[in-house]
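*Asks:* Which chain is which? The protein sequence lines are A and B, in order. To convert, take the position in the first sequence, counting from 1, and add 8; that gives the working numbering. To convert, take the position in the second sequence, counting from 1, and add 8; that gives the working numbering.
Among the clues, some could well be false.
A few chain A residues facing chain B, derived, Cβ under 7 Å [said to hold, decoys possible]:
| no. | residue |
| --- | --- |
| 1 | I291 |
| 2 | E302 |
| 3 | F327 |
| 4 | P330 |
| 5 | A331 |
| 6 | L355 |
| 7 | Q359 |
| 8 | N362 |
| 9 | D366 |
Hints listed in this document are in silico derivations from the structure and should not be mistaken for laboratory results. For clarity, every value in this text was computed on a predicted model and none was experimentally measured. Each residue gets a CB set at the ideal place from its N, CA and C atoms; glycine is no exception.
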Amino acid sequence: MARLMRSSATTLATGYVLLGILALVLFALPLGYAWRAADNDVRLQILAEDSQRLAEVFNRKGPAGLVNFINERVGLQIAGERILLLTDVDQKPLAGNVPGWPAGVPAEPGSYTTPIELDHHPTMVTLVRTELPGGYHLLVGRDVARLAPVMTRFWYGLTAAIAVLLVSGVVGGILIRRALLSRIHSIRETVSAIMHGELSHRLPTGSGSDELNTLSVTINRMLEQIEQLVHGVANVSNAIAHDLRTPLTELRSRLEELSLTRPAPPEAFAEIEAAVADVDRVISIFNALLRMAEIDTGMRRSGFVDVNLGELCAHAVEFYVPAAEIKDITLTYKDQAGSLHASGDQLLLAQAVNNLIDNALKYTPPGGAVTVCTVRPDEDAAAMVVTDTGPGMTAAQQVRATERFFRGDASRGTPGVGLGLSLVQAVARLHGGTLEFADQHPGLAATISFPRKS
Amino acid sequence: MKMLLVEDNERVTRFVTKGLQEAGHTADHADNGRDGLFLAASERYDVIIMDRMLPGNIDGLSLITALRQSGNQTPILILSALADVDERIKGLRAGGDDYLTKPFAFGELLARLDALGRRTRQDGTATTLEVADLKMDLLSRKVLRGTRQILLQPREFKLLEYLMRHAGQVVTRTMLLENVWDYHFDPQTNVVDVHISKLRQKIEPEPERSLLRTVRNAGYMLSAQ
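Chain A extracted, bound-state conformation (with noise of 0.2 Å):
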């Protein structure tokens, strides 16, 4: 019980409840008010007319005449649970329902709704008291009390609207409250099991579109996100455990061997010179990580500026060029956008294209050709596309090949660490685009898209 206290879901249904009762009773008591006073006015204006119209009588046919009147109408029981007596000066009754002259009867004529002495019981009455010509006094009233069962039946009905709105409160909040604690539940389990490591977990998400689902849509995007940066971060640290491992172990070797067998000077210094070059491996490799890990920060997005990319596009195959020539590899830069313009980071954009660029005349056999397009996909949007004619890459290569450290087996013998792609993978993401490849047939289409506005 006390937990079903805590729960936020009855405090709200009860509240709401409570406020339901208040509301009603705040808006049944003026009403009832307002109901009462128009019953009584319309009640005080029938006993009013009707009044008139036994004067009327009297002027008529006098006294006598009234007498006669009001006898036939008591005997027709017309009066029903009206009042109606008729007096002469001294207040002593010639006609009527009434045996005496009631007490508390206000001393002046008028209309009036006063408590007075009916057979011996204080009884609310309206009353028009009229004072006929000669001094009679006629009464003309009828008892409230009579009209009690109707405003009881109303206070019935209020307290009959306040039991269902109650109920109806109590079990709406309890299904609510059920409905939302299944739901809160199977997210907690979720959350608990994502915090012991079973990251894949997802939260449950409906077709709706309410509130508790728009919530776990985003958070699954959250975990997502989540997933893939422990996964690249695990990646990453296996990769540079074996790639960093390869060089170590080769600098550890080549040194202790040195220090175990001091050769003669000439070999020493050659094998100083090789472990020098280990060295500036391994500083290379972790240069490029760190570069990386600093795009993918997206910390560099507060540098963006307005970069022409046919410009940069332009510069880096013009930088290429002789080492293509040599290769025997037609290397061109084709402008298929007019000036394109795009929001970015001049130098993340330009190491991205270098290092497609690179990446192409590595696996480009000789005699092949190169090509650099600037293209607009449409007016929002910009991309950068490097073609090879080289072997290409086959649809699971395309998916590992921004993979850190992922290098082709046509690569193997060829400088590089494997770390381009992965880093044109990052700009391309720090600019809110994407990284594509597409077979060519032969050749490989290497595009990198983003929006002009990031």
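Fit chain B to the given chain A structure using the hints.
*Replies:* Structure of chain B alone, referenced to chain A:
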């Protein structure tokens, strides 16, 4: 050249000072910001090599800012383990003239120091550059080897201009990437070497009269002998 090294790591200090002495320079040393500021303000140096993270209250950047505010224009090379592009920009904004990240190759450091020290003494208004019989006219953009005119692409012209401006000095691949191509990153390729060998073919039709030499483990040097 007379240089000041502000660096708190002993091994790096020994490595750098020894290397500088062997290269024919003299080097003073301070291992904290206060001494560094005192030396830099009281002596005249050709170049200052400055670590960023120093013990004591004064770090490298505030030291540079203080020097620049007092009107000291000595070229400063920042030597730091902080490698982010943002950190580099911060260093250069504070008044540094060049930025080299640790770990570094001594050849790279020496080449950059040479370039910085030379810059102060260079006549910036020259319109012609000359190394032996290689002449470059910066206004008409003509290049002559002896009497024969050499036709160069715009980028080749820029490359040769940079080499000629630093004639007699070692110029590293990174320096060329940064200054000729404006690429402040490591493209992990030997493309610079390819550009150099192409340029060499153009300016050196006879290999025996070579001007552009490859300096092992460092870079290139254009010189008369």
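*Asks:* Taking each numbered hint in turn, which are not upheld by the structure, reported in ascending numerical order?
*Replies:* none
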